[in-house]
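Undergrad: These protein sequence lines are chains A and B, in that order.
Residues in the first sequence are numbered consecutively from 13, following the working numbering.
Residues in the second sequence are numbered consecutively from 583, following the working numbering.
Hint data in this document are derived by calculation from the structure and do not stem from the laboratory.
Be aware that a few hints might be false.
Capping the alpha-carbon separation at 25 Å, the derived lysine to any residue pairs in SDA-like fashion look like this [stated by the list, open to error]:
{"hint": "1", "chain 1": "B", "residue 1": "K958", "chain 2": "A", "residue 2": "E195"}
{"hint": "2", "chain 1": "B", "residue 1": "K922", "chain 2": "B", "residue 2": "A990"}
{"hint": "3", "chain 1": "B", "residue 1": "K1125", "chain 2": "A", "residue 2": "E82"}
Anything over 12 Å on all C-beta distances counts as not near chain B; from chain A, calculated [what the hints assert, rightly or not]:
{"hint": "4", "residue": "P59"}
{"hint": "5", "residue": "A96"}
{"hint": "6", "residue": "G116"}
{"hint": "7", "residue": "Y166"}
{"hint": "8", "residue": "R185"}
{"hint": "9", "residue": "R186"}
{"hint": "10", "residue": "D221"}
{"hint": "11", "residue": "K222"}
{"hint": "12", "residue": "D256"}
{"hint": "13", "residue": "M265"}
{"hint": "14", "residue": "S302"}
{"hint": "15", "residue": "D351"}
No residue lacks a Cβ here, since even glycine has one placed at the ideal position from N, Cα and C.
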Amino acid sequence: MVQLLLSVAERKFLCIGPRLACIVFLLVTPSWAVKLHREKTIDPPPPDILLEGGRKLHYERSFSSEREMEGKRGFWTKLVDVIAGEPDHPQLVRPYSIAVDSRGRAIVTDPGANGIHIFDLEQHKYKFIERRDKDKDPMRSPQCVALDAQDNIYVTDSESGKILVFDPSGKFRRTIGSLKGGEGFFKRPTGIAVDSAAQRIYITDTLRDKIFILDMDGSVLQTIGQRGTGQVEFNLPTELLVRDQNLFVVDAMNFRVQFLNRSGAFQTSVGNLGDSTGTMFRPKGIGIDSEGHLYVVDGLWGVVQVFDQEGRLLYYFGSRGTKSGEFQLPAGLFIDREDRVFVVDSYNRRVQVFRYFGLSRQAAGERR
Amino acid sequence: MLSRLERVHNSCCILAGLLLLTLPSVAQMEVGDAKMNLNGNIGFNYAGGMNGESSDHSLGFSGNGNLTGNYYNPNFLNFNVQPFYNREQTDSLFGSLTNTGGVTSNVNLFSGSHFPGSISYNKLINSTGQFGVPGSGVGLAEHGNTQGFGVGWSEGVPDWPMLMASYAINSGSNSIYGLQDKSTDSSHTFNLLSTYELRGYRLTGGYTHRNVDDSISNPLGSDEGPIRSNSSSNYYQANVSHSFPMSGAYGVSWNRVSYDYGSQDSASLSNSGASDNVNGTLVFTPMRKMNLAFDANYTDNLLGNVPQPILGSGTAINVTSLGTFRSFLVGADANYQLLKNLNVHADVNHQQQEFLGQSYGATQFGGSANYNFEHKLFGHLSFSVGVVDTANQYGNTGLGFVGTLNYARKVVGWEVDANVSYAQNVATQMLIYTTSSFNYITNARRRLGARTYFMAGVSGEHSGISANTGSSNSAERISSVFIYHAYNLNGFYSKSHGEAIFTPTGLVAVPTTLPTSIFLPNSLIAYDSKGWGLNASTLIRRKLTISMGYASYNGSTVDPLLSTFTKTELINGIMQYRLRKIFLNAGYTRLKQRISTPGAIPVNVTTYYIGFSRWFNFF
Chain A
13 MVQLLLSVAE RKFLCIGPRL ACIVFLLVTP SWAVKLHREK TIDPPPPDIL LEGGRKLHYE
73 RSFSSEREME GKRGFWTKLV DVIAGEPDHP QLVRPYSIAV DSRGRAIVTD PGANGIHIFD
133 LEQHKYKFIE RRDKDKDPMR SPQCVALDAQ DNIYVTDSES GKILVFDPSG KFRRTIGSLK
193 GGEGFFKRPT GIAVDSAAQR IYITDTLRDK IFILDMDGSV LQTIGQRGTG QVEFNLPTEL
253 LVRDQNLFVV DAMNFRVQFL NRSGAFQTSV GNLGDSTGTM FRPKGIGIDS EGHLYVVDGL
313 WGVVQVFDQE GRLLYYFGSR GTKSGEFQLP AGLFIDREDR VFVVDSYNRR VQVFRYFGLS
373 RQAAGERR
Chain B
583 MLSRLERVHN SCCILAGLLL LTLPSVAQME VGDAKMNLNG NIGFNYAGGM NGESSDHSLG
643 FSGNGNLTGN YYNPNFLNFN VQPFYNREQT DSLFGSLTNT GGVTSNVNLF SGSHFPGSIS
703 YNKLINSTGQ FGVPGSGVGL AEHGNTQGFG VGWSEGVPDW PMLMASYAIN SGSNSIYGLQ
763 DKSTDSSHTF NLLSTYELRG YRLTGGYTHR NVDDSISNPL GSDEGPIRSN SSSNYYQANV
823 SHSFPMSGAY GVSWNRVSYD YGSQDSASLS NSGASDNVNG TLVFTPMRKM NLAFDANYTD
883 NLLGNVPQPI LGSGTAINVT SLGTFRSFLV GADANYQLLK NLNVHADVNH QQQEFLGQSY
943 GATQFGGSAN YNFEHKLFGH LSFSVGVVDT ANQYGNTGLG FVGTLNYARK VVGWEVDANV
1003 SYAQNVATQM LIYTTSSFNY ITNARRRLGA RTYFMAGVSG EHSGISANTG SSNSAERISS
1063 VFIYHAYNLN GFYSKSHGEA IFTPTGLVAV PTTLPTSIFL PNSLIAYDSK GWGLNASTLI
1123 RRKLTISMGY ASYNGSTVDP LLSTFTKTEL INGIMQYRLR KIFLNAGYTR LKQRISTPGA
1183 IPVNVTTYYI GFSRWFNFF
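Here chain B stands alone, though its shape is the one from the complex (with noise of 0.2 Å):
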């Protein structure tokens, strides 16, 4: 936390600026061709907290901005800029654990041209969040700070190809409550498209670099100091497709992913490669109710892009080699409306695969049928059911099935709704791992009398890949919100359980398409959680804000060395009372953390504040 001194002085330098921004404002209503407009709350609270043994307070200064306007006209340039300071206590989970600041701006160029542009620039310091794990809805409680610039520019001259071209810089450090270390991210990313349309053909073409340089200080797990890596990748891709008779199009896709990844912890880690991959399609309706498709694909190695995209948060990770990885494959796919409710889909398709030396060719047959249903006494059902038969050079591998089920219906006074699906032995992005997954999500509501209604919801899903008994994920959860008139009660209840990666940002599971073996051992960490929470919150005559909240979250992770516990507590309650164009702030927040990794210090912190804010319109 910042001392007192340097609190008070950051809150004056703040308010002094606010100020000074506001005494001499007519004249910058419209100073020459620029025109603005200022609106914001300056506040002043007292806040108090205790740390274990020791205990604190002050009184400061909080304020926010949001500055808009233009110059000479708002298609030639347009900003927005909205300043913050220790306004987090409003409006964050972890209340006023920290006095977060920060600034969010853009600035927009040209929007009325053929080339218009854009300026972006974000910061937040001292921020809190949370770690996050799957299926859980509670995490470990985390604070740090981030900060972006972007730039984006486009061209759109009629006739001409367009073009747009974006660079952005993003990066971040956070730390858990609790632990000393950090962990950092930074990222650079460089995106060019263009798309153009000659003579009928849609032409488009792209280019994007990324490049993400981490730092993790992994808690969970058994590394000694933090693992460093960097990573890079190129993206190429070039589309052409035209219409074809018959309602239809046809078209050609190509793309090429390269990549390097290296990593640094007791050992230092390298990796690159490249992937290229080509498409072709077609797309035709012969007959009203009949649509076919066809289309042919290559790849020469269809892992070479899975290290970034794999998480979707774009963490470089490392994987096993599997050496030459070739795929060919041709399919074929026709749907048909049999009835006004029914539709037909059949498939079939052959794929050759080469990897780790050996030659896999598979033929799959597939079919399913979508059925939709609408009855005033049995509500409305659609459901769909499939089967997929694989056959390989060894003989037929078994079948695999899909299915899902959609139902809603209104039932004495309560409205159901549930979706459920399932797959079985579905053929993953390598023939010989298929996935087996099971899907649901249940609803129903309930009108109780005037303004008072009852939600509740149960859903889940489970997935894995069927080779490798016991890595399968899941995850669960059950909520509830009762609502009577202004008061809303809503609490819920989850667990999860499965293999994830550790990023900065938190766990992530890993896909169930890609079998785990791919993935390098110690990269892999065991995860079982179960959260739950209650919040009441009420608004009284449009003026009164209380909201109170308690969540809970225990943890446990396993990577292949160290066994590592989680408990997270958590306390938090609001008010606001808004008179006139002042509001009256105060706040309660309750921390308790506990890891038990070596080092790692129990953290049981209370903090609370009460003030007041009056907002602004400046000018």
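With the rest of the complex left out, here is chain A (with noise of 0.2 Å):
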């Protein structure tokens, strides 16, 4: 065939037309025959983890690019794909922090892109917000991403010191910590909490070992903490959580989770140094599922320890790899109102999404 080809190119040298139509053959050519023969290879998911009370975990999916939002390509698109390639997908280089919004969308913060990527998992669109080459308020490393009521998005960046705040279609729309001549307030802001309900704003800032409690128009009105070991003290305190009247504080340096009230009271903690299942070695995400359950991720042990109030050890999940269920340097936790536990594999460069069945979603069921 391609001998066949060329000579018919050699003899017709001065005429285009045939020459044209051997030349789009053969370079669509190979892109049809490697489509035709590529295979996927599909990781075979873990097992449900069985805990107590025929409660489980199930693992449910795992997504990292823009490709895993499309839905069915139609004839057209496949064609355009073999003969120009497929574009460029973007997808996540160092995800860090996790949010899901009301209407089912992943916001995931990438410190290696510079940006935010909004997976929406239900209408199968995506989205990249980066601010980079932006004159004024750039955003250079987005840290951690909380969301008030009206889905409004909310970033730390640790490098800038400020608060960037942008609505749910990823439009920006204010900064919150800016100094005049563009210095940020903050030393180095990362767990970001937004409490809708009381019009309040958590922010720690990692070293000034404090957490800052803001109004929404980003005034402070009282701050939380200083260095130290004790009560109410921390050391490079990172992420936070609000649920309920609690306020829950990674205090990354001294291996634990502090759980204090909404006015900064001490009320206990979870987690101590050490090497063994229960114990801390790097804390990162934390989230709460609907029966309470306090779910701390481990950086560096790749895995995922679940706590109960008292801080009891309830299980775990996870170990370090790059399998489904596995995790290299996991990093952000979130628990939506489905019980569905998105964390952040960040080295691995993906989001695994688990789904914890308790009690009260298994009553649910059996009502139904």
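Put the two chains together into one complex, using the hints given.
TA: Set out below in structure tokens:
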């Protein structure tokens, strides 16, 4: 076939039509041939973790790029893909934190890509927000993300020392913590939580070992904590979470999670330094499920440990690795209203989704 | 240039090869224990050109590939092959002047074992390059072919002596545009090195053999025919060292260089020699802030190792014989940290040299101070000053000075740094000659606004043998860069002059640590060059790349019998637009080059191309 095409091309040397036809055919053939035969290797999902009382944790899926958000591709789309190649699908580079809004969209901060990925898992849409090249308030290193009741997106920028606020469509709205001259008020803002009911924003300033409580306009109302190892003292606090009347703070280098009430008074703490189950070495993201269990990511061991309100270890899942259900340097964690547990598997450049089937969900299922 | 039919034939062969590789690709992803990946570009271009009165145009294919893989296990055997055809246009200063093809490849064997080996091969056909001129940003445009093959193997069994062996063959030919004559060179290098640690003694032994054949057509000289030369050298080395109390170490090393050199032009010349060198050192730290070093060195023929390494390019040159040459040196150094920011150094050495039937002895006393200063107001400043006093049997030969200055500071938004070094009357390898040099480099940077920057720099170097008035080499360069968002504009101006030696790859400045009197009178060429250039480029939305540049070079050379003037002007523009995996490429190159050598033809070539290519991940 090749010889035939080339001999035709040579005989009709000056005739451009047949030559171009040959070229198009020759250029299309490789991609067509490759597409026909390329096989995807699918990693088998990990088995469910069966827990006491019929509870279980089920692995659902993982996602890492725009490509997985795409719906079914039509004939013409496929044809264009064959001819021009598939477009460059943006993908997670070094994801860190995650939040899921009321519409089921996963918002993932990515300091490696200097932006925020929005994965619409239900509408199969994708959006990437970046402000790297903006003259005013550029986003340099997005760290943690939180949402308010209107699904506005609040992102801490640890490098510029500011909080950037975007509306649900991803449009930039305002900056919190911007001083005159463009400098950031915070030294290194990391964790963030928004309490829409109380109209408060909670921010950890890791280098100051403090938690700042702001109103929704960005005015500082109160600060909590100082450097130390005692109660309401922190050693490089990172992530935080507001749930019901409690404020949960990851006190990273004290290797614990402190439970405070909303005014900053100490309630209890979970965790201590160690390399066995139930202890913490690099605590990262935290979340609370519908039964009030605390999920704590340990970045170095590649596991998520689950504690009850008294600080007793219930179980853990994950191990270091690249397969489904395994993690490498996991970071952020978010649990939505349906008890789906989103774990940012940072070094594997993906987000893994699990679902916890607790007693309340099983009861709801039985009622149905 | 290749004829149209040849280009079509070559294009078809390459394309057919890539296609045949591609179609059964799945079968080749894993063949038995072999795993492979292949990706690359296949493109189609229209190209045209004008050379003086004649013009031509053609259609043809271009492409490149990247084949990587392993057999059984990457630690057992892994390989990488990168063939390319007609790809020079997208990544070369000289754009579409030639249709370069070639391949680079390497295979690593048993890399996970104690006996790893490697094989490499590369070939470039009809590639473009520059015939270099020292200190000039632009040289004469040239084209040629190169190829190289290398084999390496090593042994690293624990507790055994470590052994490394390698053999490489390289050859090339090139011709300056406008000249018919070609320069060719080929070299063979064999290297053997072994290290071992026995009861605290670190032992090293090695052997290197190198053979170089050159045929140089010197367009800037008065030689009528090519100069053919052949040189071979053998280098042996042995070292032993051991740790010493007080954080110290002592060691003895020996090396021997022997060489044969022969050249043939209008006359035949040959030269051979050998040099033995023995060196002993002792270093220790008697106090926390002080360290001492003692060394002794004996050389029986200092110039025995000059011909090959003098130019750093492996090209052999001839030198005049200085007869017996012996040198013996003993010395001591002391460093003391006087203050946190202040370090002082003192040294003394005595050297005895014999050459040209004379005996010379000299004692040198030297001292220097190094000071580091960091201040909010004054920025970062460090400087060192030193002085060397030399006295021989005829009396004191005068003081020598050395000094360096480094300064960095932010001044009203400007980041400024400067580095200056100065040396006067510093001894060379031969006691009776001293050298002086002056180097400076200074840069200024400023952020003018959001993603807007300006940078400028000035640098220069002047050096020469103190006794040879008018023999100094100098080079000066001014450069500037302006960046506005995705737009980049830069320019430079440079000028240089001095004395150089002709090699197949260009003129190489004569090092000023050696007196020019050791070179044969007709081997030196005086050069004088000026060059300037401007370049503008942009990358829009990470898809569209546009770059345009202009460069100009004026030079003159004087060998003892002929003065030559050269002038080169180059305009180059490229554009690339990416749509998914498809690239739209276009380019334009215009080269004007004149050499005032009899027989040289003025070059006035314009070439352009437009085409597209598609990237495939074949398997």
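Undergrad: None of the hints should be skipped; say for each whether it holds.
TA: Now for the hints, and whether the structure bears them out:
Annotation: proposed proximity of K958 (chain B) to E195 (chain A) holds, straight-line Cα distance about 21 Å (limit 25 Å). Taking the CA atoms of K922 (chain B) and A990 (chain B), the gap is about 20 Å. The hint holds against a cut of 25 Å. Restraint check: the Cα-Cα separation between K1125 (chain B) and E82 (chain A) comes to about 23 Å, which is no more than 25 Å; the hinted pair holds. For P59 (chain A), the shortest C-beta to C-beta distance to chain B comes to about 29 Å, beyond the 12 Å cut-off, and the non-interface label holds.
Its beta-carbon lying about 4 Å from the closest one in chain B, A96 (chain A) breaks the requirement of being farther than 12 Å from that chain. Listed as outside the interface, G116 (chain A) is consistent with that label: its C-beta sits roughly 30 Å from the nearest C-beta of chain B, beyond the 12 Å cut-off. Non-interface call for Y166 (chain A) relative to chain B: holds, since the shortest CB-CB distance, roughly 24 Å, exceeds 12 Å. Residue-level check passed: R185 (chain A) sits 20 Å from the nearest beta carbon of chain B, beyond 12 Å.
The claim that R186 (chain A) is not at the interface with chain B holds, since no C-beta of that chain comes within 12 Å of its own (minimum 19 Å). Every beta carbon of chain B lies more than 12 Å from that of D221 (chain A), the smallest distance being close to 28 Å; the non-interface claim holds. With 12 Å as the threshold on Cβ separation, the claim that K222 (chain A) sits away from chain B holds: the shortest Cβ distance comes to roughly 28 Å. Residue-level check passed: D256 (chain A) sits 44 Å from the nearest beta carbon of chain B, beyond 12 Å.
M265 (chain A), annotated as away from the interface, keeps every beta carbon of chain B farther than 12 Å; the closest lies near 31 Å. For S302 (chain A), the non-interface assignment is confirmed: its Cβ lies about 44 Å from the closest Cβ of chain B, beyond the 12 Å cut-off. At the 12 Å boundary, the C-beta of D351 (chain A) stays outside the reach of chain B, the nearest C-beta of that chain being 40 Å off.
In summary, the structure is inconsistent with hint 5 from the numbered list given earlier, while agreeing with all the others.
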